[in-house]
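S.K.: Sequence:
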Amino acid sequence: MVSTQEKIEKDKFFRDLYLLDSLDDDSPESEVETPIRLAAKAKRQPDQTLDAVQHERAKQITTRGKVGERRPETVPSTVSAVDHTLKKAKVPLPVDAPKKKALPEKRKRAPSTDRELRRRDSEPALTAKSAPSRARRLKTSPSIVVDSAVQTTKRSSEKRKHVTDLSNIKQRKHQLGSKKLPPVPIGEQMLKGLLFYFVPNNDICQARRFRIHKAIQYGAAWANEWCNGITHIIVCDNLDVHEASKEFACKEIPRGPTLVNVNWLIECFSRRAVCDTHWNRFQVSGSEALKETNKEQQQHQSKPLIEHEDSIDKHAVDEETPEGLEANAAECALLDAETESEDELDNAIRDVRSLGSLSIDPSFDDGAKSPGDEPPVDQEPAPFHGDGKARKENAGFMCMEKHDGGKGDNPNEQTIVKLLKMADYYSATGDQWRTRAYRQAVAALRKERRLIRTKQEALTVRGIGDRLAEKIQEIVSIGKLQRLDNAEADPRDKILRLFMGIYHVGFPTASRWIAEGHRTLEDLYQKADLNRNQRIGIEHYEDFQQRIPRAEVAQHAAIVKKALRAADTEAQMIIGGSYRRGSADCGDIDILIFKKDAGLDQIRALMMETVIPELTAQGFLKVALATTHHQDSGSKWHGASALPGSKTWRRLDLLFVPWAELGAALIYFTGNDYFNRSLRLHASRKQMRLNQHGLYADVMRGQGRERITQGRLLEGHDEKRIFEILGVTYRPPEHRNP
DNA sequence: CGGCAATACTG
DNA sequence: CAGTAT
DNA sequence: GCCG
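Using the working numbering, you'd call the opening residue of the first sequence number 8 and step up by one each time.
To be clear, the hints were calculated from the coordinates, so they are not data collected in a lab.
We treat Cβ as the ideally placed atom computed from N, Cα and C, and that holds for glycine.
Check before you lean on any hint, since a few could be wrong.
As the list claims (entries may be wrong) - Simulated DEER-style distance windows between Cβ atoms: (1) E495 / S691: 29 to 39 angstroms; (2) G263 / E495: 46 to 56 angstroms; (3) T634 / E232: 55 to 65 angstroms.
Claimed, not checked - Once the Cα atoms are required to be at most 27 angstroms apart in a straight line, the calculated BS3-like pairs of lysine-lysine come out as: (4) K629 / K602; (5) K629 / K654; (6) K602 / K569; (7) K603 / K569; (8) K534 / K629; (9) K428 / K462; (10) K501 / K487; (11) K501 / K534; (12) K727 / K643; (13) K487 / K428; (14) K643 / K629; (15) K643 / K603; (16) K727 / K602; (17) K569 / K654; (18) K654 / K643; (19) K462 / K487; (20) K569 / K629; (21) K643 / K602; (22) K569 / K643; (23) K501 / K428; (24) K727 / K693; (25) K603 / K727.
Taking the hints into account, I'd like the entire structure generated from these sequences.
M.R.: Structure follows, in structure tokens:
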């Protein structure tokens, strides 16, 4: 369980954070958001801080849970609810009307593509929804803000008051004149919870001033004097360690906070994600000696971890000592599921029981680990080839970036939205390759900081060719895409997408059903011939379509872990998927199960014979959708689970991983799809092969890269070594969102 | 023009 | 084997 | 769809 101290720290962070937010927000409004209220409460009753906070929070959760729980449970009603919208669109369809070409493609589409697309597609909607709530983010009067800021910080450090010297900042803001930086939507505040100290720590220079304000805009706080709680020291002006240390009273750079140069901040801006600080280009020159401190910050400040990190990182490519391997695994485990101590697990379960249903504010539960570790959620540059142009540290211009549109978002947002819809449309057309192309173009566009206006500009971006360039120009100039409007007017698409939203239904099946005359889920449920999985898929259409809040993923995992440990105290697990990549919500729950030195058979036996039956009996596991029944082969369990008291089923995937394959399995199960595909493509270009079991060399390939020989195993257990052997800079999970 | 990741489970 | 899944 |  998180210690009391930590909890208080966390609350403090949120408080300060919101205080700064308010400052960025010019509109005077008295509505105060929850965390602030809680914080205020905590302040007044120091003795009962936690109780007050938790009680208040519990009340909120309960309320939200009830509101959110109106989902019907029975099959028919669920179905009809879903259908409601659809029926309106129910138009006599020319079922066999000539529809595009691309039919040859249809048999080979990659389901993952579509799945991913659907997820992406839901993003704009979510964003839009959360926009209003952003508008009512805390706005309290400055005087109150200052007051509580001082009170707040007094406890942990008397100097803390300088952290949020509001009047000061406010003043400077005015000096900024026209350069107002409204806070970006909460969801995009990737720097939230971080506290920066700049070297030099002033905003005299315009570039630095701009960066500071931009950092605040993205959720960070600026300590304009040294104080406790600083998470990052950001060295500007190309100062080296020696020069930088002169800026401190003690002539020494304090340990503790992560030391980075300003490139780090710039890259965080351009990627809209908290970049890993350990990369060379972020090191302040001459700072080798401080590296370990950085590590410590990045990881979860856990003692054993530091040691492991040390031993591993000393030589990036070290020989695989058993210890090294173990350390790595331990690290992974600790970083993910293992971090959830039993206390937290109990908490999770107790919460669930007492609340009946859950709908937990993820921003809250998430921070539970450490404030300086806020998981970034967003996109990311492509791993290799793309590096040519869009990337590079021309980001030096970042601070000049004009904030046109005022949305505080990527200037190409409009274009991106349209292109994603096109991609979505093509996926509903069964054209996996076009879909892929659109998605890759969007990824490229996401990294662009300037607005791409013309075909010419668009063509300079890798991943965008003639056709897309024209479409982009069309979008920018007339604000829409004729092609897209046509596509969206096509009612078949909606149905196709509706059907493909069913678990275990892909394009061929969906289009066959349409051809058979089905138009609604109800039709299907009653008339179509469905296999068991599809039936379940329809019964829980809404459940499976919903995103899962990060906190809930952790709760599911906690339950699995408890059963796992009960069966075998040495068994371990790691939560993979988008959870491991740091997402605030996930499409499903991916868990790797393994045990030191254990082979697949052992893990499988443990799971199939003990853990899974137990969890099923317990009522946690609801169904098995795809799982090996042969007792002597198979490595996965796909099914659904629900928290006690919750009616919402979640997709749960378990992967049984032999100790020797842990690294490869981690890569596979961490994703995302496109990241894996690019890694694997990269491998195959190097006569290697990467799959969930390991990285292999000397692969012979025939026509069309068809494999002839299996190759010999190079590495399977160590995730980082796989990257190294491939010649790819290691990327932590949260940076694998191409 | 061909390739665009590579594999596991189902029926 | 095609289809769906990851 | 894009790329080589």
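S.K.: All hints are to be evaluated individually against the structure, with a verdict given for each.
M.R.: Hints, one by one, checked against the model:
no. : hint                            : result
1   : E495 / S691: 29 to 39 angstroms : holds (37 angstroms)
2   : G263 / E495: 46 to 56 angstroms : holds (53 angstroms)
3   : T634 / E232: 55 to 65 angstroms : holds (58 angstroms)
4   : K629 / K602                     : holds (25 angstroms)
5   : K629 / K654                     : holds (10 angstroms)
6   : K602 / K569                     : holds (15 angstroms)
7   : K603 / K569                     : holds (18 angstroms)
8   : K534 / K629                     : holds (25 angstroms)
9   : K428 / K462                     : holds (20 angstroms)
10  : K501 / K487                     : holds (19 angstroms)
11  : K501 / K534                     : holds (20 angstroms)
12  : K727 / K643                     : holds (24 angstroms)
13  : K487 / K428                     : holds (11 angstroms)
14  : K643 / K629                     : holds (16 angstroms)
15  : K643 / K603                     : holds (18 angstroms)
16  : K727 / K602                     : holds (19 angstroms)
17  : K569 / K654                     : holds (21 angstroms)
18  : K654 / K643                     : holds (24 angstroms)
19  : K462 / K487                     : holds (15 angstroms)
20  : K569 / K629                     : holds (17 angstroms)
21  : K643 / K602                     : holds (15 angstroms)
22  : K569 / K643                     : holds (19 angstroms)
23  : K501 / K428                     : holds (12 angstroms)
24  : K727 / K693                     : holds (18 angstroms)
25  : K603 / K727                     : holds (18 angstroms)
The structure agrees with every numbered hint stated previously.
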